[in-house]
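Could you slot chains B and C onto chain A? The hints should help.
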Amino acid sequence: MTQTWVVEPAHWSAKTQATLYGAASLLGLLFLWIAATSIFGWIDPRVLPSPFEIALRFADLLVDPFGGATLLGHVLGSLKRWGLGVVTAAILGVPVGVLFAWAPLFRAVVNPVFEILRYIPPFAWVPIAILWFGASTMTQAMVVFIAAFPAIVINSQLGVQQVEKILLDAARVYGAGSLRTLRRVVMPVAAPTIYTGIRIAVSNGWMALVGAELIVGKNGLGFLISQGQNNDSVSTIFVGIISIGILGLLIDTIVQRSEKILLPWRGRLDQAGGI
Amino acid sequence: MRRSMVSRAFLISLVAGVGWVLLWAWLTRAGGPVPKLFFPSPEEVFDRFLKMWTRPYLGSTLLGHISSSLSIVLAGWVLAGIVGVPLGIAMAWWRKLKWIAFPVFQLIRPVPPLAWIPLTLVWMGIGDAARITVVFIAALVPWMMNSMQSVYSVDKLLIDAGRTLGANDRQILSRVVCRTALPTLVAGARIALGNAWTTLIAAELLAATAGLGYVALNASRMLDTDVLLVAMLLIGILGALLSIMMQLATRFLAPWSIRQSRGQ
Amino acid sequence: MELRNITKRFGNENDGVLAVDDCTIEVQKGEFICVVGPSGCGKSTLLTVAAGLERPTRGEVVVEGKPAGPPGPKRCVVFQKFALFPSETVAQNIKFGLQMARVDVVEQERLLREQLEIMGLEQFRNAYPSELSGGMQQRVAIARALVMRPDILLMDEPFGALDAQTRTILQEEIQRLHREQQYTVMFITHSVEEAVYLGDRVIVMTRRPGRIKEEIVLSRDAAWKQGDIEAAAEHSDFIEARRKIWALVREEIVAR
Chain A
102 MTQTWVVEPA HWSAKTQATL YGAASLLGLL FLWIAATSIF GWIDPRVLPS
152 PFEIALRFAD LLVDPFGGAT LLGHVLGSLK RWGLGVVTAA ILGVPVGVLF
202 AWAPLFRAVV NPVFEILRYI PPFAWVPIAI LWFGASTMTQ AMVVFIAAFP
252 AIVINSQLGV QQVEKILLDA ARVYGAGSLR TLRRVVMPVA APTIYTGIRI
302 AVSNGWMALV GAELIVGKNG LGFLISQGQN NDSVSTIFVG IISIGILGLL
352 IDTIVQRSEK ILLPWRGRLD QAGGI
Chain B
2 MRRSMVSRAF LISLVAGVGW VLLWAWLTRA GGPVPKLFFP SPEEVFDRFL
52 KMWTRPYLGS TLLGHISSSL SIVLAGWVLA GIVGVPLGIA MAWWRKLKWI
102 AFPVFQLIRP VPPLAWIPLT LVWMGIGDAA RITVVFIAAL VPWMMNSMQS
152 VYSVDKLLID AGRTLGANDR QILSRVVCRT ALPTLVAGAR IALGNAWTTL
202 IAAELLAATA GLGYVALNAS RMLDTDVLLV AMLLIGILGA LLSIMMQLAT
252 RFLAPWSIRQ SRGQ
Chain C
125 MELRNITKRF GNENDGVLAV DDCTIEVQKG EFICVVGPSG CGKSTLLTVA
175 AGLERPTRGE VVVEGKPAGP PGPKRCVVFQ KFALFPSETV AQNIKFGLQM
225 ARVDVVEQER LLREQLEIMG LEQFRNAYPS ELSGGMQQRV AIARALVMRP
275 DILLMDEPFG ALDAQTRTIL QEEIQRLHRE QQYTVMFITH SVEEAVYLGD
325 RVIVMTRRPG RIKEEIVLSR DAAWKQGDIE AAAEHSDFIE ARRKIWALVR
375 EEIVAR
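Read top to bottom, the protein sequences are chains A, B and C.
Numbers given in my numbering equal positions in the first sequence, counted from 1, plus 101.
Numbers given in my numbering equal positions in the second sequence, counted from 1, plus 1.
Numbers given in my numbering equal positions in the third sequence, counted from 1, plus 124.
Same shape as in the complex, but just chain A:
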């Protein structure tokens, strides 16, 4: 009597495999890092501290102030400045972008200024902001604003432009004037694109903020990093970098998720009738 044992190799889906490889690679890098610093001492801890040191420093900063505030203090400071710049950019940017698409005359007049400002990178505004506001919150908020504004304007304009002409015709036929068409028909249909613009702007703003704080600031994650540099504390620099990365990811995820709450009809727009 023969029994054939058929052994099926584990058939993992591509997605699981990808996750496994990814995790393995990251863990491998982590081990390499630990090995190179703590265990074998291949790398000078002043150049690249071990992960343990960084973790310790992280815990340290949560309690002990450095550069004027604890880690939380710096985080909150950064968020405050970033929030100020981004909210202002949204409040100003959406109407400007919508008007750009809705009122061609307005666009023709304002365009020269907008185009020039657009091509000057946000950081190039730092010197002049320092001149005007000194090393204060306004300086950094202004840089964030400049970083966030163009994305919002451009996407708002695009969103309005992309509204199908037939919907505008229908609104006209049923008696809606220009303003009411804008409010009830155009804005809801343009909203997802506008939101994408806000998402991009939020992210750009965060990147710009950190840079601004690096260059001139007395508080915040960017400032923390520069303090680390001044005091030759590379572990502080790393704590700063990691915090920036984590917060950046968090912000983007939150903005992405909240779209479902704020714009519930988005999914429906993608299958809107007949178009």
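Hints are supplied without guarantee of correctness; some may be wrong.
Heads up, simulated EDC-like pairs for lysine to aspartate or glutamate below, C-alpha to C-alpha not over 20 Å straight-line [unchecked claim]: (1) C:K337 <-> C:E126; (2) C:K337 <-> C:D275; (3) A:K266 <-> C:E281; (4) C:K153 <-> C:E255; (5) C:K190 <-> C:D275; (6) C:K198 <-> A:E154; (7) C:K153 <-> C:E178; (8) A:K361 <-> C:E255; (9) C:K337 <-> C:E317; (10) C:K153 <-> C:E317; (11) C:K368 <-> C:E304; (12) A:K266 <-> C:E178; (13) A:K266 <-> C:E212; (14) A:K361 <-> C:E212; (15) C:K198 <-> C:D228; (16) C:K198 <-> C:D275; (17) C:K337 <-> C:E212; (18) C:K198 <-> C:E184.
Pair by pair, the computed Cβ-Cβ distance ranges are [to be verified]: (19) C:R367 <-> A:E360: 56 to 64 Å; (20) B:S244 <-> A:D353: 21 to 29 Å; (21) C:Q289 <-> A:L364: 29 to 37 Å; (22) C:N250 <-> A:D353: 46 to 54 Å; (23) B:T210 <-> A:L280: 50 to 58 Å; (24) A:E360 <-> B:L224: 43 to 51 Å; (25) B:G128 <-> A:V214: 35 to 43 Å; (26) A:E360 <-> C:A288: 35 to 43 Å; (27) A:F153 <-> B:L38: 19 to 27 Å; (28) A:E360 <-> B:P43: 50 to 58 Å; (29) A:K181 <-> B:Q150: 30 to 38 Å.
Below, a sample of chain A positions facing chain B; criterion: calculated Cβ distance under 10 Å [said to hold, decoys possible]: (30) G169; (31) L173; (32) F339.
Calculated from the structure, these hints are not laboratory results.
Each residue gets a CB set at the ideal place from its N, CA and C atoms; glycine is no exception.
Below, chains B and C without anything else, positioned relative to chain A:
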């Protein structure tokens, strides 16, 4: 009808542009509401621009600073391309490589390139290398992502179509694959250059001894607002020029990818 | 309503497109007229001019003796692509015109409910357009137009985007509605069969630039209008009319 509408808008923009400059001149006139320390007048800016061509400011003439900035940005950008394109293509070609390398990039991406400056300063000191590194980091991600995407964008269907029409492997590679992949690649180059320029200026604000950003920062410290404006405007103009250059390159290399935008 | 000597040219004098050339059409109250013609003959353009969405290069649109003016709910349009507002529910879509006209809220609700019943849409009140089938969406579009009690209903190939079965059902419904309510309708289509089935009068247009080729008057109480289009195809008068009109259209299609 379309054509006349577009040129009409352009004309209005032109007139408006002149209007804005006139407004600027009027607001900043001698004895006017805006003092020179706050914002210089157009004539002062233009004056200073001409002077800076011949008389050195902070160590170099205008040309010297421009070439410093441009050389670093191009060095970092080209390096990122040399590394990023093969890497991206390899990652698209071999799934396993992507699974291994991609998470690392995802981890690095949220960190603004500028934040790496203090680290590079500690590691390399205040030389050109630090700035080139940061520009490199800024440009690497777009180069890589778009190279990867460009390989994905080649529809297998097109390759099959080529085969049935009798093309051999080499012809398929050059005529089908490369051509289909080119637009995305060039787009990646464009984005990378934009990132690179932005990051460079920031890097010059922190760790430089020459360049337009360096000039701007020090001009602001020394309250030379006219120099500051010259630097800022040049930064913008050079950024625009680089962008236009890339647009021309796109038109030259991949003209079929340029889509007509609706009515503008 | 009268369309007098309508000429519409797109673009400038030299390189524009002449879509419609000197067309005159008269629609009496309660009439259902159908306009047919080969593709691209300008019949849709004629409708957009009638609605006021485009201004004629020459000629004028007159309603009850007075110039028609800008587009509005008196000349409601039902589009081929439905044109429902995607971010609004069925009820909101139908009430749209009423809200623009600032009709009293209670009255809005009453009219809405009436229309939902007529079109059989009661259970879909709170659905979004993307959740409905093509036939349902067009029903909503028709309801949206009818609730405004327009002087004339303009329909631009309204069933062109629907599958054949839905089309047949809706044709019958439009027929029934017209019989019961006596709306004035101007209906554009490329289907000769549809035109004969629905219309009291069929207007045939030439190919571009579109001119009026011929007008065929059909009997208002023709026997075939009682059933659906399948049944109608068995009446000899229907077949005769269809053949005649199709011959006219065909002439235009193959003409040089």
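**Message:** So if I understand the rule, the pair passes when the alpha-carbon distance is 20 Å or less; does K190 of chain C with D275 of chain C pass?
**Reply:** 13 Å, holds
**Message:** Can you tell me whether the CB distance of F153 of chain A to L38 of chain B sits inside 19 to 27 Å?
**Reply:** 51 Å, violated
**Asked** Under the criterion that the straight-line Cα-Cα distance not exceed 20 Å, is the pair K368 of chain C, E304 of chain C satisfied?
**Response** Status violated; Cα separation ~29 Å.
**Request:** Return holds or violated for the Cβ distance of E360 of chain A and L224 of chain B against the range 43 to 51 Å.
**Result:** Given about 46 Å between the Cβ atoms, the range holds.
**Prompt:** Taking the beta carbons of T210 of chain B and L280 of chain A, is their distance inside 50 to 58 Å?
**Reply:** Taking Cβ atoms as reference, T210 of chain B and L280 of chain A lie about 56 Å apart, which means the hint holds.
**Request:** Return the status of the interface hint for F339 of chain A: holds when the least beta-carbon distance to chain B is below 10 Å, violated otherwise.
**Result:** 8 Å, holds
**Message:** K153 of chain C and E317 of chain C were given as a pair; does the straight-line alpha-carbon distance stay at or below 20 Å?
**Reply:** 23 Å, violated
**Item:** Satisfaction of hint between E317 of chain C and K337 of chain C, Cα-Cα up to 20 Å
**Value:** 18 Å, holds
**Message:** Check the hint pairing K198 of chain C with E184 of chain C against an upper bound of 20 Å on the C-alpha distance.
**Reply:** Status holds; Cα separation ~17 Å.
**Message:** Tell me if the interface restraint on G169 of chain A is satisfied: Cβ within less than 10 Å of some Cβ in chain B.
**Reply:** Violated. Min distance 17 Å.
**Asked** When you check the alpha-carbon spacing of K153 of chain C and E255 of chain C, does it fall within 20 Å?
**Response** Roughly 36 Å between the alpha carbons, so the hint for K153 of chain C and E255 of chain C is violated.
**Request:** Go through the hint on L173 of chain A and say holds or violated, using the shortest Cβ distance to chain B against 10 Å.
**Result:** 19 Å, violated
The structure shown violates the earlier hints numbered 2, 4, 6, 7, 10, 11, 17, 22, 27, 28, 30 and 31.
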